[in-house]
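*Asks:* Sequences and hints are given; from them, build the entire structure.
In order, the protein sequence lines correspond to chains A and B.
When the letters of the first sequence are read in order and numbered with the working numbering, they come out as residues 1 to 296.
When the letters of the second sequence are read in order and numbered with the working numbering, they come out as residues 297 to 558.
Calculated from the structure, these hints are not laboratory results.
No residue lacks a Cβ here, since even glycine has one placed at the ideal position from N, Cα and C.
Mixed in with the good hints, there may be bad ones.
[Stated by the list, open to error] Distance windows between CB atoms, simulated:
1. B/H309 / A/Q88: 33 to 43 Å
2. A/N257 / B/H404: 51 to 61 Å
3. B/E383 / A/W227: 20 to 30 Å
[Stated by the list, open to error] Lysine to aspartate or glutamate pairs mimicking DMTMM-like chemistry, simulated, CA-CA at most 20 Å apart:
4. A/K176 / B/D386
5. A/K229 / B/D388
6. B/K425 / B/E464
7. B/K425 / B/E415
8. A/K84 / B/E356
9. A/K167 / B/E415
10. B/K363 / A/E177
11. A/K167 / B/E356
12. A/K32 / B/E415
13. A/K176 / B/E356
Each chain, letter by letter, is given below.
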Amino acid sequence: MSFDPNAFIIILTGSMIAISCGLLGVFLMLRKMAMTGDAISHAVLPGIVIAFLISGSRHGLAMVIGAGLVGIIATVFIEYLSNKVKLQSDASIGITFTSLFAIGIIMITFLANQIDLDQDCVLYGEIAYVPIDLWITGSGTIMGPRVTYLSLINLTLVSLFIYLFFKELKISTFDKEFAATIGLSTVGVNYGLMGMVSYTTVSSFEAVGAILVVALMVVPPATAFLWTKNLKRLIQLTVALGILASFLGYYLAFFLNSSIAGAMASVAGFFFFLSVILNRKQIPAIKKKLSKMKVA
Amino acid sequence: MIEQINNPVVEVHDLMVSYGQNPVLWNIDLTLPAGNLIGILGPNGAGKSTLIKAIMGLVEANSGYSKIFDQDLNHVRNRVSYVPQRESVDWDFPASALDIVMMGTYHHLGLFKRPGKKEKELAMDCLQKVNMKAFAKRQISELSGGQQQRVFIARALAQQADIYFMDEPFAGVDMSTEKALVSLFQEMTATGKTVIVVHHDIYSAGKYFNWLIMLNMHLIASGPTEKVLTEDLLTKTYGGKLSMLTDIGELIKKSDFNPLKN
Ligand SMILES: Nc1ncnc2c1ncn2[C@@H]1O[C@H](COP(=O)(O)OP(=O)(O)O)[C@@H](O)[C@H]1O
Ligand SMILES: [Mg+2]
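*Replies:* In structure tokens:
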């Protein structure tokens, strides 16, 4: 097979998105907040629409800020419902994310004739268009595929966030109360993480859509967790799985002539079930993990 | 029988705590002396954990306040250590015993700094003190309950604090380990540190602690062990728990149990 620059760009972009999602997903999983990640990735929809209305563009900083803010609002709301109103946490998540998502859908339908933004685009994305969607500067210079730049910036910021706050993330994930007693702002760490989840969702939705973002946040970390009980190893394996899903997903889609994002998610899912079978001894532990993830 | 002292290391004043509509602690007023091994006794649901959490600022008080070293907790966090109940965390977390003990050194490090060689050595020393050095590299999910408990205590030792609050540190540990931990705590108090331990066994409490707090939503007693470990106060503390009461009565009848004798 000869070198195909389009394939390279798609796989590179897919890998960078998968790594960003996986890095955050490891901590979401360990915090039993996989569903919160899911909720946020859907809840940012109204933020995307409002930012679009204000800035008139599907790209750019307004989008990231708008969605980031709604993501934080969703987090605050979920915490409020479960801590102050004493609603069960799964119900709090469900209510928050369905309401915000519904608001977003209503906005899109109402404004359908005014804006170039549809549900399909938000939910499923289209990574195949990445190579032809170019970033052209004001002076007309062609810089290259826009979404690839976005995902590079996103990956850099997510990696930096996790690198700089590794100690804080680790301690507040393992033992929140202990972390609070040594004066760490556990609330701050939580909002930081949720802010990064929101930002990553927005940065990636054009390429892979909100649903695949969730798959990439949940599946590779859960797969890696079947193989290792060492946090650094867990992160490395998650990164490797993300790259592998992107690479194999591209060629699977190519040969099946289907959606690349869908194929990436399928490959990730395939590795998960393969790991389950190979780790048959550990099946009870996985069940425990999954049931915990559901209620969190 | 509530004995107040001068120059306390811990002062709790008119503390009231409730979860939603349910009050759990009423008007707790106590002062604790430095350099003592202090036990907190009370039946399940008495509010023992809640009292510690309120002092550590983990639950909000409806009224009242607490002070440590005559200061707000925020000013003395580096001198205070807290060991939560073992079940409060998920031991499936991917970390080794050493990783967890290193967390005890984090507050000295500050933001962005990573633990280095010095922190690692300290953590190993602390594991040694609880006889867990051989398990330093072991994943915490593969440790027994008693070993996990000892990892928690080692993490607290790594904080090098002056006052320690431990919530049921003996839960799930075997008798010989419990004895070893008690002598470790006694060594610590001999050097002026204060160790406050939630304990559920009234029979050994008399031997272990030189100061006792008895709690059942209200503060029943706080004072030197020889003054407060009486049938009357135990009955008040464990009041409604009938089986417990008969046990105490029988034990005292058999005169196996004499709190005044060691
Ligand atoms: N987070 C919470 N929310 C609501 N009620 C609680 C919570 N934690 C404890 N309680 C209740 O407060 C009471 C005291 O609990 P706790 O302080 O844990 O008692 P102890 O440690 O003495 O067994 C119990 O009735 C318990 O059910
Ligand atoms: Mg308790």
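*Asks:* Decide, hint by hint, whether the structure agrees.
*Replies:* Hint check results:
no.: 1; hint: B/H309 / A/Q88: 33 to 43 Å; in the structure: holds (36 Å)
no.: 2; hint: A/N257 / B/H404: 51 to 61 Å; in the structure: holds (59 Å)
no.: 3; hint: B/E383 / A/W227: 20 to 30 Å; in the structure: holds (27 Å)
no.: 4; hint: A/K176 / B/D386; in the structure: holds (11 Å)
no.: 5; hint: A/K229 / B/D388; in the structure: holds (8 Å)
no.: 6; hint: B/K425 / B/E464; in the structure: holds (19 Å)
no.: 7; hint: B/K425 / B/E415; in the structure: holds (15 Å)
no.: 8; hint: A/K84 / B/E356; in the structure: holds (12 Å)
no.: 9; hint: A/K167 / B/E415; in the structure: holds (13 Å)
no.: 10; hint: B/K363 / A/E177; in the structure: holds (19 Å)
no.: 11; hint: A/K167 / B/E356; in the structure: violated (26 Å)
no.: 12; hint: A/K32 / B/E415; in the structure: violated (29 Å)
no.: 13; hint: A/K176 / B/E356; in the structure: holds (16 Å)
In this structure, the hints that do not hold are numbers 11 and 12, in rising order.
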